[in-house]
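Undergrad: Listed below are the residues making up each chain.
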Amino acid sequence: MLETLIVMLVKIGVVFGALLLTVAYMTWVERKVIADFQVRLGPTRVGPYGLLQPIADGMKLMFKEDLTPSQVERVVYVLAPSLSIIPAFIAFAVIPFGDTTTLFGLLSKPVALHITDIDVGILFVFGVASLGVYGIVLAGWSSNNKYSLLGGLRASAQLISYELSMGLSVVGVLMLAGSLSLVDIVRAQEGIYAWRGIPLLPRWFIFSQPLGFCIYLCCALAETNRAPFDLPEAETELVAGFHTEYSSMKFAMFFMAEYANMITVSALAATLFLGGWLGPIAPSPVWFIGKVFLLLFLFIWLRATLPRFRYDQLMHFGWKRLLPLALLNIAATATGAMLVLRG
Amino acid sequence: MEIAFFSGLALVAAVSAILVVVQRHAVYSALFLIISMGALAGIYILLEAHFVWVIQVIVYAGAIMVLFLFVIMLLDIRREQDPWAAPDRGRILVAVLLSTLLLVELGMAAGTHLVGGAGAPGPAGEFGTTQMVGQLLFTDFLYPFEITSIILLVAMVGAMVLAKKRLT
Chain X
1 MLETLIVMLV KIGVVFGALL LTVAYMTWVE RKVIADFQVR LGPTRVGPYG
51 LLQPIADGMK LMFKEDLTPS QVERVVYVLA PSLSIIPAFI AFAVIPFGDT
101 TTLFGLLSKP VALHITDIDV GILFVFGVAS LGVYGIVLAG WSSNNKYSLL
151 GGLRASAQLI SYELSMGLSV VGVLMLAGSL SLVDIVRAQE GIYAWRGIPL
201 LPRWFIFSQP LGFCIYLCCA LAETNRAPFD LPEAETELVA GFHTEYSSMK
251 FAMFFMAEYA NMITVSALAA TLFLGGWLGP IAPSPVWFIG KVFLLLFLFI
301 WLRATLPRFR YDQLMHFGWK RLLPLALLNI AATATGAMLV LRG
Chain G
1 MEIAFFSGLA LVAAVSAILV VVQRHAVYSA LFLIISMGAL AGIYILLEAH
51 FVWVIQVIVY AGAIMVLFLF VIMLLDIRRE QDPWAAPDRG RILVAVLLST
101 LLLVELGMAA GTHLVGGAGA PGPAGEFGTT QMVGQLLFTD FLYPFEITSI
151 ILLVAMVGAM VLAKKRLT
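Chains as they are written, first to last, in the numbering used here: chain X, 1 to 343; chain G, 1 to 168.
Mixed in with the good hints there might be a few duds.
The calculated BS3-like cross-link candidates involving lysine-lysine, where the alpha carbons are at most 30 Å apart (straight line), are [stated by the list, open to error]:
#1 X:Lys60 x X:Lys146
#2 X:Lys146 x X:Lys64
#3 X:Lys64 x X:Lys32
#4 X:Lys32 x X:Lys60
#5 X:Lys320 x G:Lys165
#6 X:Lys320 x G:Lys164
#7 X:Lys11 x X:Lys109
#8 G:Lys164 x X:Lys146
Simulated from the structure, these hints should not be mistaken for laboratory data. Note that this is a predicted model, so its numbers are computed, not measured.
Work out the full structure: start from the sequences and follow the hints.
TA: So, in structure tokens, the structure goes:
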């Protein structure tokens, strides 16, 4: 009993700590990678290769004056940053980041490397993620600022539109795996496609669900308000969108929530489509982290490459392109699964 | 333990439901409705109905209420000046009559179970899992399920026909 409790607390601590550290250092990675794309150096002054930059930024934000504009809806204004950061971190509770392990024989019983595995794991992630939008919407509304309000309105419309296609894009995976539990979904991807005894590809769902993966990726970009879908905070039109009136740690919390959401959707994509922790030789968490970082790099790459959508293009793309494609994917997968299963 | 959790959640649900009605600002009403729905979702967990719990969060708290907020913000509904001024007698009478009727009905429905009744059936392991819900929906409850979806579709088409000036 006591050991279970300690193991659980250690797991929560490690995941939370790793998540916070990754969030902090994603800012450094993003600045460095974008700098490379634009043939500049990025941060170089604080520490070797600017490695201490996130810590310096954190200190600065903590000691900055915390301004509250006049005539804000005070309770909601203070609450909004927490409403956006808490769901971003909670969603990670069900994501499996490794196989069961005894930690090189240190523990008496093998421990599963996920905080919890619930029957409705993937729906839990979607449910919690859908709550994250309140932080943005309420921040926009309570700030008593036209730009913020417009940002909040855009965010609510955008997130609702893309949530739908995102949910539908993973239905194919669920049908193939036959479970909503993320651990079961990873286990369903074990094995290798072989042709006449020659191993070709791992049985990851990205190879059987390529369309689903593409739709998921587009929706994930939109859900995390990342370029080219960053309309709620479009600098050229809305100053800074929903967080225009926020400063100091309140601003930092929105920032951290965005990066935490990015990590969560990447981890979910790695779990659903890239085989999660599965991979040869190296320990399972290494594979998982490697896949997540590959997807995070893709996020930054897209930001450096693509211009921002116009608002009508965004809605058109979501409802008239992604949604029918997602439905098509479901129908095709269902037919295929029926034919194969019935033989 | 279960009773304690249930009382807490029920209290939160009931109090925030009352606050929905007495708020002067529509946005705060919506916020309390979200809290009320969250508490309801918690009660579903106590009933071991995990699937219903997560659907409650995704659909009601995550989607429908966001749309409510969107509409409230889009229309920019301001604070009501004085919601308590000039109470309409006829309206109060109807409200009192209807709520008394509802209370009596609820009492009659619950009376058999409330005191010394058998209570809700205990959860039997599989109950409330996604598989169970799915199997029931697509076997025993197939017709009600499909009819509900048709009704929703009709409502949606109706809203579109009413809202659009030209249907081209």
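Undergrad: For every hint, state whether the structure bears it out.
TA: Hints, verified against the model:
1. For a cut-off of 30 Å, the pair hint linking lysine 60 (chain X) to lysine 146 (chain X) stands: about 28 Å separates their Cα positions.
2. At most 30 Å may separate the alpha-carbon atoms for a hinted pair to count; lysine 146 (chain X) and lysine 64 (chain X) meet this at roughly 25 Å.
3. Using a Cα cut-off of 30 Å, the hinted pair lysine 64 (chain X) and lysine 32 (chain X) holds, with the two alpha carbons roughly 25 Å apart.
4. Of the supplied pair hints, the one linking lysine 32 (chain X) and lysine 60 (chain X) holds, its CA atoms being roughly 20 Å apart against a limit of 30 Å.
5. A C-alpha spacing of about 21 Å is found between lysine 320 (chain X) and lysine 165 (chain G), which places the hinted pair at or below 30 Å, so the restraint holds.
6. Taking the CA atoms of lysine 320 (chain X) and lysine 164 (chain G), the gap is about 19 Å. The hint holds against a cut of 30 Å.
7. With a C-alpha separation of about 15 Å, the suggested pair lysine 11 (chain X) and lysine 109 (chain X) falls inside the 30 Å cut-off, and the hint holds.
8. Restraint check for lysine 164 (chain G) and lysine 146 (chain X): satisfied, since their Cα atoms lie roughly 28 Å apart, inside the 30 Å limit.
Of the numbered hints listed earlier, not one is contradicted by the structure.
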